[in-house]
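Q: These are the residues of each chain, in order.
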Amino acid sequence: MAAHEMYFADDKARKAYMTKKILSNVFVYLFLSIFALFLIAPFILMIIGTFVNADNFENFKNYAEFKELGFANWGFSNFAKVFNSKFENPITGEIMESKGNNFGVFFLNTLIVAVGSTTVTVVTAVLAAFAFARLQFKGKDALFALLLATMMIPGEMMVITNYMTVRMIGWMNTFAALILVHGVSVFYVFYLRQTFQQIPNELYLAAKVDGVSDLGYLWKVMIPIAMPTITTIIILSMMGSWNSFVWPNLVAPGNWMDKKDGHSMMLVSNGLRALFSQGKTLDAVKLAGSMVISIPLFIVFIVFRKYIMRGVSRSGIKG
Amino acid sequence: MAAMENTLKGTEVVMDPVKAKLISKRKLIQLPQWAVAWLVLIPALIFITMFMLYPIINTFLYAFIQDFSYVPGGGSFALGQFFAGLNNELFDSVRFGLSNFAEVLDRPDFIASIGNTSILVLVEVPLTIIVSLLIATFLNSIKVLKGFYQTVFFLPYVTNTIALGLVFNLAFNKTPGGLINIMLMNVFGVKDPINWLSSTAYTEGAGLSTKFTQGVVIVLYSLWNGIAFKILVFMSGLATIDSQYYNAAKIDGASNFTIWRRITLPLLSPQILYITITSFIGAFKMYSGVMAVYQGAESTGAYFFGTVAGKDGSIEPENIGMAWIPVVGWIYKELESNYKAPGVASAASLILLGIIMVITAVQFAVSKKRVHY
Amino acid sequence: MDVRIENLTKTFVGKRGVETTAVNKMNFTIPDGKLVGLLGPSGCGKSTTLYMIAGLHKPTDGHIWFGDEDVTNVPPENRGIGLVFQNYALYPHLSVRQNIEFPLDNVRFTGPYGEEKNRVYDSKSDVKTSEKDLAAAKKAFEKASKQVPVLEAKLQAAKERGDAVESLQAVEEKLNAAKATKKINEERIPSLEKHLEYAKGEVVKAEEALAKKEAWFAEKVAEVEKEKAELAELVKSGSDKVEAKKAEVAKKEAELERISRTKLSKADKDAIALEMAKVVDIAQFLDRKPKELSGGQQQRVAIARALAKKPRVLLLDEPLSNLDARLRLQTREEIKRIQRETGITTVFVTHDQEEAMSISDFIVVMKLGVIQQIDEPQKVYEEPANLFVAKFLGSPAINVFDGELKGGKLLLNGKAIDTDKAYGKEDRPVKIAVRPESFEYVEKAGNIPVDVTTVEQIGRDITVNGYIEGQKNHIKAIIPSELRSGILGKAKVSFKAKRLYVFEETGERIK
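Chains as they are written, first to last, in our numbering: chain G, 1 to 319; chain L, 320 to 692; chain F, 693 to 1203.
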């Protein structure tokens, strides 16, 4: 109810109420704004780093000097520096000229892994969810319970053996290790199965009467109807690949130390960390590097916000 | 059917005199449904078996193999190694036992990592949950700019862990003092710059970073990252609370704070429980966040553990450091340096699993009294 | 195409050996081109019957014939049926046109001798299925036969031991289940064997027909070749008959192509869709999606989809229950109109007797899997075969009283009721039933005295609610409004029954 609709004993009481209300509103918005600022701050920093003159940025000491920093070419010079960064051997200071150790390669690698891994994920999830949602077969419940159980085991336990497997079958530094090992997500199978189950049974019977086989029903009816969910899965999966770090760190550390053939298999996260963790890179360039990685994510977020928010609230997994 | 046939004469679909009638196609192969099901499941099952089921079993087995040493050609499967070892005369006995666990618990760096992780978890999780709860409550109560704030608080979801860590690292660590320091000195009037992360003294007056300062940075990072999901869950929980409860309470004369404490929180308790459990579990497994903040020591391929530099400012190579190595970090380091004998790493991961399960069980027991559905 | 149901049975065997017979040895024939309603309360088996005609449920026993083809073992998509579901089941992601065209994607013309080929295939698979069924029935019979004596002995031993009631019951249940299985299969085996013989004969017949047709087609092809050769000759010789010959050849070739084509072209499909849409009157919605249409319109799309493949039989499952009352009346008429225009044999299922009465050519009244009566609607209403039918048809429901036959006279509460019918010599208690509109108000004492509870005046009629002394059921009578002066305000009124029915205690009608 608005204040003017409420009943007050007298004007003083009304004023007291209004003051209380205004104060509490101020407090709420202040609280929210402080934390909102906290969240936005890293992005502001990234933007600053991208757009200022990199050399000046390195050494300013106080606010006065900060104001003196010049713009650098709308950030393009810093972006250029990002893509031109090269590895340096920290001990000898020698620049590693081996090909494929630059950001462009990392981008490409990550793109390939994202597309490949998402394809595997979506295909297996669609087929498996279809089997659990629509088909009858012996052992269905037991198998489902088993999959449920695997979801509860922390991934860290599986990493050990997977790492050994990868090393022993020679999949270190290959796309196979990056794409296939985490190709299947049991969670997406559950999520899609739930969506499939919401398709009314009569539709299936109607299609049967119309002469469609089970697989035909999947292709012609179920997938089109479940397209929003499938799109959500695609987006979350691609984002997950883009942001992955732990597993690529283990199996694709790149071999830039090795002068022989150094086509790095690193993904953007690993590449960022390895390239820029050495002290020699200019800070502004580091920030520009973070910016470069973050821009694609932003674009995806702006375009697909609804899908992402819907998918995240179901899972709590960041992809 | 005569009526229908006549009406079609004007179209292409003329029923010609040779009695072509519309009839459904016959299928050549009729697979029974269960065959289709298993066929369709094969891709998923292959992946799950090879990269999920097998590893889980394998890890358990490895943890319990006594005094393991790698047998070439035995392959990665634990039992394979086991039986290969039996046949090989180099080893007196290969049997199951708890030696791996003993070894793990004997290592001071492992114990330290458990301690590290525990402290970080105990600080970070309650802090993040409380902040998220407050933000969600406030968000739920405002109308103007609600959408804007919701989008802002969702941002952590679309950020890259490492990129973010790099930014945090730079903010706290840049020479000569990092942006935070600059802000502290110029805006808040703090006199000397604080060395947050680095273990080299790079500026006068700064000293070396302490475990405490590093911890602060890590906690701030985790807070930044962690509130998005929690806020989302709490808000969807708040949305399901019928406003009738609030109206009834207001009529009964309750203050806003009382309402929050005695109506909102209890009705939100299922979500709070869910968030608490998942946060603790997730936090105990923390790894990439810590790595992101530290942004370094990768290049030489080795981690340096250690405490901070001595009080007299001496810097030993082994004191350069990442003081807060978490348990998972320890496991991965162990794995990388010694991948052929994963017994120790496996035992450590089982210990981690055990800790997580204990915490979860305790929380469930507590929840029975306090959670209302 | 008439539909003949022969001995159709569907049994579900539950967990504790409890046998639920949803449909019990039904026999009836639906004449070609008629609209037939399956009417009955929930659980009477009408939907199960419909689904068995459709092919979605497999009958436990019995046969279904479409014309002279036994379709019992034919899968639904090959029977040539159209099915309209209760909630329409339209594909939400397709437009109305695409929905109607959906079944046409799977349609093949039979090609030159495709029909014969299909016949061979169908009859062969019928033989396979029959053999499988027979083997399964034999196996089940043997297993059950072995089990029965074992279980009987067990039961005996348990009784002698003095076991607890629950364990005795458990063994008894198992025994009953085994006995039931044995009996069912014992009865089935001879009929299955007969069917197998028949099926094998069909295979032979079908193969012969195929051979004949192939030869015929080869002849036709040769004919066209000959014509073409003649044409070539004429062209070479430069005759002026070339044009005429060309036309002839073209015509013959077109005909040959039409005979051998197997799929529908997009233009064909669109034409069919448009035509169907016109029949059900939704042609202006062809490009819309289902969710943009009202309930009644969606249902008509469902009907169009069912009709698109020119089915032999159209089946509707409770077509009007999802519509609001106003739409129901309107759509009822639409269904009748569509059926008349297309002339397709149609079967629909409903629990609403008014619906069934208004549009059906025949009503099949069912109760617990058994047919109670099949007749034209008015006959079912006026000449019910038993008490159940009498009570089910008619709104408000018929009034039922306890009476008796004594000395050839019909007595209600001991008082005789005039009737001009003879009900037989035997003295026995009976049920007397009178429809509300069959009561006649007479000034002088009629033979049915009523203690009045309420009187409702509704325009044209007066409804009198009350009790007859000694009867536990209350009475509802509908009297024309003009007679109200004699009734209003009175606590007791007398009626005479213009028309009444007498039923045995067991329910059959005494004529």
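I should point out that these hints are in silico values taken from the structure, not numbers from a laboratory. Be a bit skeptical, because a hint or two may be false.
Claimed, not checked - Examples of chain G residues toward chain F, derived with CB under 10 Å:
#1 Phe8
#2 Asp10
#3 Lys12
#4 Leu215
#5 Gly216
#6 Val221
Ideal placement from N, C-alpha and C gives every residue a C-beta, glycine not left out.
Q: Would you mind marking each hint as holding or not holding in the structure?
A: Tested hints:
1. Phe8: violated (49 Å)
2. Asp10: violated (55 Å)
3. Lys12: violated (57 Å)
4. Leu215: It is violated, given that the least Cβ distance between G/Leu215 and chain F is near 13 Å, above 10 Å.
5. Gly216: holds (8 Å)
6. Val221: holds (6 Å)
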